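Fit chains P and W to the given chain L structure using the hints.
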Amino acid sequence: MNAYTGKILYVDLTSGRSKTGIFNEDFARAYIGGTGFGIKTLIDNQEPGIDPFDPQNPLIYAVGAASGTMVPCASSKFGVFAKSPASNLLGEAYSTGQWGAELRQAGYDIVVIKGKSPKPAYLWIDDESVQRMDASHLWGKTTWDTEETIRNDLGDQLIRVSAIGPAGEKLVRTACLLNDHFRAAGRTGLGAVAGSKNLKAVAVRGTHDVKVAQPEELRELCKDLYERCKGPATSKYRGLGTPANVLTLNAQGALPTRNYQSATFEGAETVSGEYLNEHFVTKIEGCTACPCRCEHIAEVREGPFKGAIARVEYEPTMAFGPYCGVDRLDAVIKAIEYCNLYGVDAISTGIVVGFGMECYERELITKEDTGGLELEFGNGEAMVEMVKKIALRKDVGDVLAEGVKRASEKIGRGSEHFAMHIKGVEVTGYELRGLKTCALGYAVSRRGADHQRHGSYGWDLGGKVDRFKADKGRGKLVMGDEDVYCIFDSMILCKFTRGIWDFDLIAKVYSLVTGIPMTGAELLKAGERMSNLARLYNVREGLTRKGDTLPPRIMKDPIPSGVAKGSYVNQEDLDILLDGYYEARGWTKEGVPKKEKLKELGLEAYANIAGKEES
Amino acid sequence: MVRHKFVTVDPDKCVGCRICEYVCSLEKDKVFNPTRSRIRVIRIYPTTNASLTCRLCEDAPCVIACPRKALTQSEETGVIMVDDDLCNGCGWCIEACDFGAICLDPDKKVVRICDLCSNREGGPACVEWCPEEALEQTTKDILSQKARIGAVQRLVKAAETSKAA
Amino acid sequence: MRVKVQYLGPVRVMLDKREEEVEVSLKTTVYELLRKLSNTYGEGFEREVFEDDGGSIRDGLIITVNGRAIGQLDGVRTSLKLGDVVTLLPLFAGGG
Numbered sequence: 020m021n022a023y024t025g026k027i028l029y030v031d032l033t034s035g036r037s038k039t040g041i042f043n044e045d046f047a048r049a050y051i052g053g054t055g056f057g058i059k060t061l062i063d064n065q066e067p068g069i070d071p072f073d074p075q076n077p078l079i080y081a082v083g084a085a086s087g088t089m090v091p092c093a094s095s096k097f098g099v100f101a102k103s104p105a106s107n108l109l110g111e112a113y114s115t116g117q118w119g120a121e122l123r124q125a126g127y128d129i130v131v132i133k134g135k136s137p138k139p140a141y142l143w144i145d146d147e148s149v150q151r152m153d154a155s156h157l158w159g160k161t162t163w164d165t166e167e168t169i170r171n172d173l174g175d176q177l178i179r180v181s182a183i184g185p186a187g188e189k190l191v192r193t194a195c196l197l198n199d200h201f202r203a204a205g206r207t208g209l210g211a212v213a214g215s216k217n218l219k220a221v222a223v224r225g226t227h228d229v230k231v232a233q234p235e236e237l238r239e240l241c242k243d244l245y246e247r248c249k250g251p252a253t254s255k256y257r258g259l260g261t262p263a264n265v266l267t268l269n270a271q272g273a274l275p276t277r278n279y280q281s282a283t284f285e286g287a288e289t290v291s292g293e294y295l296n297e298h299f300v301t302k303i304e305g306c307t308a309c310p311c312r313c314e315h316i317a318e319v320r321e322g323p324f325k326g327a328i329a330r331v332e333y334e335p336t337m338a339f340g341p342y343c344g345v346d347r348l349d350a351v352i353k354a355i356e357y358c359n360l361y362g363v364d365a366i367s368t369g370i371v372v373g374f375g376m377e378c379y380e381r382e383l384i385t386k387e388d389t390g391g392l393e394l395e396f397g398n399g400e401a402m403v404e405m406v407k408k409i410a411l412r413k414d415v416g417d418v419l420a421e422g423v424k425r426a427s428e429k430i431g432r433g434s435e436h437f438a439m440h441i442k443g444v445e446v447t448g449y450e451l452r453g454l455k456t457c458a459l460g461y462a463v464s465r466r467g468a469d470h471q472r473h474g475s476y477g478w479d480l481g482g483k484v485d486r487f488k489a490d491k492g493r494g495k496l497v498m499g500d501e502d503v504y505c506i507f508d509s510m511i512l513c514k515f516t517r518g519i520w521d522f523d524l525i526a527k528v529y530s531l532v533t534g535i536p537m538t539g540a541e542l543l544k545a546g547e548r549m550s551n552l553a554r555l556y557n558v559r560e561g562l563t564r565k566g567d568t569l570p571p572r573i574m575k576d577p578i579p580s581g582v583a584k585g586s587y588v589n590q591e592d593l594d595i596l597l598d599g600y601y602e603a604r605g606w607t608k609e610g611v612p613k614k615e616k617l618k619e620l621g622l623e624a625y626a627n628i629a630g631k632e633e634s
Numbered sequence: 806m807v808r809h810k811f812v813t814v815d816p817d818k819c820v821g822c823r824i825c826e827y828v829c830s831l832e833k834d835k836v837f838n839p840t841r842s843r844i845r846v847i848r849i850y851p852t853t854n855a856s857l858t859c860r861l862c863e864d865a866p867c868v869i870a871c872p873r874k875a876l877t878q879s880e881e882t883g884v885i886m887v888d889d890d891l892c893n894g895c896g897w898c899i900e901a902c903d904f905g906a907i908c909l910d911p912d913k914k915v916v917r918i919c920d921l922c923s924n925r926e927g928g929p930a931c932v933e934w935c936p937e938e939a940l941e942q943t944t945k946d947i948l949s950q951k952a953r954i955g956a957v958q959r960l961v962k963a964a965e966t967s968k969a970a
Numbered sequence: 269m270r271v272k273v274q275y276l277g278p279v280r281v282m283l284d285k286r287e288e289e290v291e292v293s294l295k296t297t298v299y300e301l302l303r304k305l306s307n308t309y310g311e312g313f314e315r316e317v318f319e320d321d322g323g324s325i326r327d328g329l330i331i332t333v334n335g336r337a338i339g340q341l342d343g344v345r346t347s348l349k350l351g352d353v354v355t356l357l358p359l360f361a362g363g364g
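Chains as they are written, first to last, in our numbering: chain L, 20 to 634; chain P, 806 to 970; chain W, 269 to 364.
Okay, chain L solo, but in the shape it has when bound (with noise of 0.2 Å):
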């Protein structure tokens, strides 16, 4: 095969050993890669209902159909894929950076990992020779640190590592995986999936060449490519970057605010991607083979967080800033900071922050429970040891560190009407009382609560619908952007390039770099496939039409003032948008994918699953 390795790694964490397992080109063109590979590799490997922390639990990495070759903005990226500790259903998240492209350079495209090291440990892969490694002295340090005495003990500085952090070792259910410094597979609490495993990190170092079909073809394609990289496709994400929705979305009355308590925050304009770029961005950088070069690299030069350093996107800044009420950039950037050098989620772990400041508000929590903090809204200082506090267990950060959603079973008295989750996953940016497509997105995506499956605030803030009222047609819209998303994520492209690509360019991309025929037709067919299989391993392990809900505060509390004041999503809307996502997708009213539908997509495997419930 071309570009593909065909190899996969399996590690026994346990004994240590290892061996390798090959896919072919079948395999390769059903599921192309990343998102495909990761989940049937995952539903495929997992006995159905095991806890997320028992060692059999796979953690899977999986890189994408161009990954190690020169097809803008896919180079690196990598997917994770665990059953999640956070939902107890599909746990995935992306990364990109530099490691992806290493792994295919090592030879292999799919690594599963299982079982649980004895002591403290991390993975080597060194090309064909794959060691677990001893990683007692790094138990405790920060991603960072783990990654430079990695190389250093190694002797080799260009080692790409995936890293826990302290959190993950704690088994904090935000906890993730970084990689080259700012890049992380965040979501889902896949760090402490490593963590339960005894497993510090990841390091490989790859010297094989990426051969693809039809070089100078591509080549040829790429120039085009780039150029469009380079055009006004990109070119907002080029200058002011993600922050700039700060102000976007405060002007639609659609960003999420003291925990959700309101739609737009006062204090968003010192905020704000202007404001960033402004007075604290100080670099540019970009990930292997990427001519945007979108990371915004923020620095804080004076003040209590002073030499603060992070990469700074909307959502982080979202949950560290409106969600919690803080209205200044460096403890937001300082936060992110904590949130990449201990190891958890930023989108998370800020969602959790303001959890934790509308308990203490409420007199929930106390002073004596925080430590000593005044966990209130608006307090920079405490968010940032909060943060800190999460990651390390310390005082209620233990309880915290579990979530909001099982937090708020601990802690009780009404706080289950304010953890803003879905499927035990933190929400994200985007305001949802007044989203109602968006909304839907949210309900049914597979990870839990999540913008980055679907996309489909875009039909709402961009009033290509009324996004104040739930009908039926919804469902095929946000059905076509997942489908789509798959697609990206498979790839795997940014989606930031999302404006330069159409299905038959990415197909005749695939087919250059693989040498496998794929049309624009397959390959949105291959995107339906992947989403199928993923609710297919949902219900495996227990989604019901119950699951794909919103929190109480959304369906209950109307957003109190701005442009969307008044809005919410009350039961009948949801009921009338999952009826219409359901039916566009060949699902029984339960969610469960019919028999006539898997026999469509080559699925029918997995019919015992569907057989479950029938309607």
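In case anyone wonders, no lab produced these hints; they're calculated from the structure. You may find that some hints are simply not true.
A partial selection of chain L residues facing chain P, derived with a Cβ cut-off under 7 Å [unchecked claim]: (1) 226; (2) 308; (3) 310; (4) 436.
Quick list of in silico lysine to aspartate or glutamate cross-link-like pairs, DMTMM-like style, CA-CA up to 25 Å [as the list claims (entries may be wrong)]: (5) W:272 with W:327; (6) L:514 with W:284; (7) L:302 with P:938; (8) P:914 with L:175; (9) P:914 with L:145; (10) P:833 with L:146; (11) P:874 with P:903; (12) L:491 with L:417; (13) L:302 with P:937; (14) L:413 with L:175; (15) L:613 with L:560; (16) L:242 with W:327; (17) L:230 with P:920; (18) L:495 with L:485.
Keep in mind that this is a model prediction, so the values were computed, not measured. Glycine included, every Cβ here is placed at the ideal spot set by N, Cα and C.
Frame of chain L, contents of chains P and W only:
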């Protein structure tokens, strides 16, 4: 006057994307493999990025170091040429080079050095493809000339600013 | 009559302006207002706002009138009245 034109980087513009590495290995070996590239990127966190390749040294230390006289330097272009029959891959030249600009071909076990894409229409592929226009092919004279111009411009600007104040 | 125009994102950076009052004739449409601004601010502004065809709004840019996206009103033909607030908002995907 010797005018060896080598490929050099502006570290302020380089973002560490490594496209130069990909296009070099593709141009020379028809595959994607950064370890085959004759130009290599270094990233030092958090924000330092630069790529390095052969600087066509006068009295090139790699040529002097080679125990088998497998390396010669073109007087006209300054490019270091490798005689594959003489080179045994000992790597002495790799260590002699202050810039780490020499690499070993993993198949043939002989060394490879930037040859300014002499067979390529349009010259060095890396320069053409760099999306940040951070690479250029230039001489030491031109670089020092640019530094002088930049220095004088800064002096003039500082003088104007203090005059206005 | 006067309407207020608010700028967010790249356009704000380009013009170095957050908002301004603009004098337009009665019943001016959103399209006519944006054309007028393009004439004032030139090609850079025009390219941020319009697609190459010059007739449709650039993909990823939202225009609202009094907080409502023009897609839910009359699109670019939406008529303006005295005191209306027109906002130019860039929408980004993701960012996590």
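Here is what the structure says about each hint:
| no. | hint | in the structure |
| --- | --- | --- |
| 1 | 226 | holds, 5 Å |
| 2 | 308 | holds, 6 Å |
| 3 | 310 | holds, 4 Å |
| 4 | 436 | violated, 41 Å |
| 5 | W:272 with W:327 | holds, 23 Å |
| 6 | L:514 with W:284 | violated, 29 Å |
| 7 | L:302 with P:938 | holds, 16 Å |
| 8 | P:914 with L:175 | holds, 21 Å |
| 9 | P:914 with L:145 | holds, 20 Å |
| 10 | P:833 with L:146 | holds, 22 Å |
| 11 | P:874 with P:903 | holds, 19 Å |
| 12 | L:491 with L:417 | violated, 42 Å |
| 13 | L:302 with P:937 | holds, 13 Å |
| 14 | L:413 with L:175 | violated, 36 Å |
| 15 | L:613 with L:560 | holds, 17 Å |
| 16 | L:242 with W:327 | holds, 23 Å |
| 17 | L:230 with P:920 | holds, 23 Å |
| 18 | L:495 with L:485 | holds, 15 Å |
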